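We have chain P already, so just place chain G on it with the hints.
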Amino acid sequence: MLRLFKKILTTGIVTEKFNLRSHAEHGNETELETLGIHVKRHIDQKFSGSIAIRQIDAGSCNGCELEIHALNNPFYDIERFGIHFVASPRHADVLLVTGPVSRHMQTALLRTYEATPNPKWVVAVGDCAVCGGEFGVSYASCGAVSNVIPVDAVIPGCPPTPLALMIGLLGLMKNKPNSR
Amino acid sequence: MSSLNWMADFLSSVSAECEVVQAATTWQIDSQAWQRVAELAMKQQLRWVAGWAEHDQDQFLVNSCFEQQGRYLLLRTSIAVEHPELPSQATVYPAANRSERHSQDMFGIRFLGHPDNRRWTRHQAWIENSYPLRKDFPVQGTRVGITPPDMHYPFIKSHGAGVYEIPVGPIHAGIIEPGHFRFQAVGELILNLEERLGYVHKGIEKIAEGRNPESLARLAGRVSGDTTVGHCWAACRAMEQAAGVEIPVRATLIRGILAERERIANHIGDIGAICNDVAFVFAQMQMTRLRELWLRTNATVFGHRLLMDKIVPGGVACDVSEEFCTLIKKDIVELRTELAEIILALDLNSSLEDRLYTAGFLSEQTAAAFGTLGYVGRASGQDFDVRRDAPYPPYDQVDFKVAVETQGDIASRFWIRYKEIRVSLVLIEKFIEQLVDGALVTDWKTPPEGAEGLGIIEGWRGEIVSYIRFEADNKIARFYPRDPSQLNWPALEKLVLNNIVPDFPVCNKSLNGSYSGNDL
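Chains P and G supply the protein sequences, listed in that same order. With this note's numbering applied, the first sequence corresponds to residues 1 to 180, in that order. With this note's numbering applied, the second sequence corresponds to residues 1 to 520, in that order.
The shape of chain P in the complex, shown without the other chains:
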C-alpha cells in the first residue's frame, strides 16, 4: 500500500495546464487548458454546467473508441470541464457516434436516438462517421451517420486525436445554440 501511495505522490498531477507538448498535428500552439476553458464557458451557458455524452459505436473499427477513451486519461481529464460519459442514452445530452453505420446496427442506433431525451445533439466522430470513410455505403453499411440520424456536428480524423475531439465538441457548443 505504501508503494502505491508513493507512486501517486511521485507521479503528481500530470493533467495539462498550458502546453500540450509534442502534438504532431497541432504543434505547440494549442493550449489544452485554454481550449477547455472555452468549452467550459459554453457548457455553463447552454447546458447548466455539464453535458452528458453517450458514445455509440455503430460499426467503427475501434480506432475512434481508443481515442475517445484517451479523453478520460489524466492528461486530458475531460471531466474537469463538465463533460462526462454516461451509460444510458436516457441520461445523455449528446450522442457521440463513430463508425460507418453498419446495417446490423441501424435499428439499434435509431432506437438509441429515440431513447435520448430532447434537447439532444448528435456528433459524428471519425472519417467513417462523417462521410463513410474507407467503408462507404454497401450491402452491409449505411455509410455516414447522417444517412441514418440527423447530425449536428462532425469531427473528422482517422481517428481524430483527443485534442481534435475537444475542438470538435467546442464547435458543437458554439454553433448549436438551439436545441432540436
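In case anyone wonders, no lab produced these hints; they're calculated from the structure. Watch out, some of these pointers could steer you wrong.
To be verified - No farther apart than 25 Å at their CA atoms in a straight line, the calculated lysine-lysine pairs in the DSS-like style are these: (1) G/K475 / G/K135; (2) G/K430 / G/K419; (3) G/K401 / G/K330; (4) G/K43 / G/K494; (5) G/K430 / G/K330; (6) P/K7 / G/K329; (7) P/K7 / G/K419; (8) G/K330 / P/K6; (9) G/K419 / G/K330; (10) P/K7 / G/K330; (11) G/K475 / G/K445; (12) G/K329 / G/K475; (13) P/K6 / G/K401; (14) G/K329 / G/K494; (15) G/K401 / G/K419.
Keep in mind that this is a model prediction, so the values were computed, not measured.
Okay, now just chain G, sitting in the frame of chain P:
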C-alpha cells in the same frame, strides 16, 4: 517442408484422395475427403488455423489452414456452385465452427453434419438465400429502407426453477464495440453464455474486391483499429508474396518496431482496464498515463498515434532518424522503470489478488480444442508464437523468450501481458541496434493473374492470417483476414462458466476480443 516426418506420414495416409499442388504447403483434395482429412489432421495433432472460401466462376474453392510446429498446411477443395455441399470439419475441430457458419452465410455453402448451422454473420442486412461474397451479388446489396433488427435468432434456451436470462447489448454501457451477450444465470452464477456477434459487419471482404494494393493495405489497417499495424502487415506480406516482392531490410526492422510498439500500447491499456473492471482505479490512471506518453511518442516519431497506414505494400511509409532512435530508447528506459514500480504495487495488493486469481479459468484442454491464440492461449499453456515458431523478418534475426503460463485465470492473462511488454521492449532495442541504412520501399511488381499469398504474422492479440488473391491488372480478387479474436471469442463462452455475472466485464477484458476483427 518435405523433410517433415509427420507430413510424409500424413500424405501417405491420405494419398488415395490427394494430390500435391505445390510441394510447399497447398494440397488440393477431393471434397468427399474433406472431413476425413480433418480427422487425420486431428490425429496428427495439427492445430486448425483458419478457413475461408472463394467464388471462382462455376465453383467454390474452400480452404482450410492447419499448423504444427510452425509449419502451415493449406487444404483446398473445390465444389460446384449448383451443388455447394461439403462435409463439415467443425465436427472434428470446434475451432472451425464459426468459420464454417461464416462461409455458409456468405457463400451459401452447406456444411454437412455441422453441429450448429444457425446463421452467424448474417442478421437482416441481406435476405436469406442470397450470399454477399458470390460474384453476382451487387456490392450495394438489394435491401432498401431500414434494416430490421435480428429479432428471431434462435438462442439456446434453458429452463428450470430460478433460471433467468440477461440480454446484454448490442450497445454496451461503455465506450466499447457492439455485440450481444445472452446469459443464463441462477442467482449470480453464470450457467451459460451465448455470444451473438456480427453487429459491426461492414462487408470488408466484399469491398476489398477490385482494390489496388495501396488501397487494400489501408482497408486492412482498419479491420480492427487497435491492430492496425498487425493486419496491415499481414495483408502486405500476403500481397508481397503474391507479387514476389522482397522488402528492404530497413523496412522489415521498422515494421518490427511498429508492431512491438502496438503490442506494448495495447497491453498497457489492457492491464489498466482489467484493474479498472475490478474498481482498482489507481492502475487504470497510471496505465492510461503511460499509454498516452507512448502514443505521443508514436505521433512524434511516426506521425500517427495509432500508427495507421505506416506499413505499405513493398515497405514502410515512415523512417526513424538517429535522433528519434535516441528518443525511443530513452522512452523505453523510462517505461521500464515506471512499470516496475507500478507492477510491484499491484502485485502486493490483496484486493486485486482476490478478484483476479482463479476467476475466469480456461483449461489447457479447452484452449487447445478451440485453438485459442495469443496471450489468452499462452496463459493456458498454448506455447505458440508466430514470431518464434514460424519466424519472418525481422524476427528471424533475434532471439527472445515467449512467456507461457498454465494457470489459465485472469491473473495469468494479466501477467502474460506484463511479460510480453518486457520482451517487446527488448525487441525494439534490438531492432534499433540492427537498423541499417537503406531503402524504405521496394518498387511494386504487378503480380500475375491468380497469384495468391498467405501472410501470417503475430499481432498483439496473436496469430493473424491474411489471404490474398490477385486478379488481372494488380487488382484484388479475394481478401480474407483472420483476426485472432475469431478463435478467442468462443473461449470466452467457456471461461465465464461458473463465474458470477458481475465478474463478466473483467473476464471479457482479460480476453479483449475484437468485435470488428471478428465481424469483418
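Are P/K7 and G/K330 close enough, with their CA atoms no more than 25 Å apart? holds, 20 Å
Proposed proximity, G/K330 with G/K430 (alpha carbon, max 25 Å): holds, 14 Å
Checking one constraint from the list: CA of G/K43 to CA of G/K494, max 25 Å. Satisfied? holds, 24 Å
Against the 25 Å threshold, does the CA-CA distance of G/K329 and G/K475 hold or violate the hint? Status violated; Cα separation ~40 Å.
Is G/K401 within 25 Å of G/K419, Cα to Cα? holds, 10 Å
Agreement of P/K6 and G/K401 with the hint, judged by alpha carbon distance not exceeding 25 Å: violated, 32 Å
Pair hint outcome, P/K7 versus G/K419 [Cα-Cα no greater than 25 Å]: holds, 21 Å
Please work out if G/K329 and G/K494 have their alpha carbons no farther apart than 25 Å. Given that 25 Å is the threshold and the Cα spacing comes to 41 Å, the pair is violated.
Checking one constraint from the list: CA of G/K475 to CA of G/K135, max 25 Å. Satisfied? holds, 15 Å
Hint consistency between G/K475 and G/K445 [alpha-carbon to alpha-carbon, up to 25 Å]: holds, 12 Å
Holds or violated: G/K430 and G/K419, Cα atoms, limit 25 Å. holds, 17 Å
Are the Cα atoms of G/K419 and G/K330 separated by 25 Å or less? Judged against 25 Å, a Cα distance of about 20 Å means the pair holds.
Comparing the model with each numbered hint stated earlier shows that hints 12, 13, 14 do not hold.
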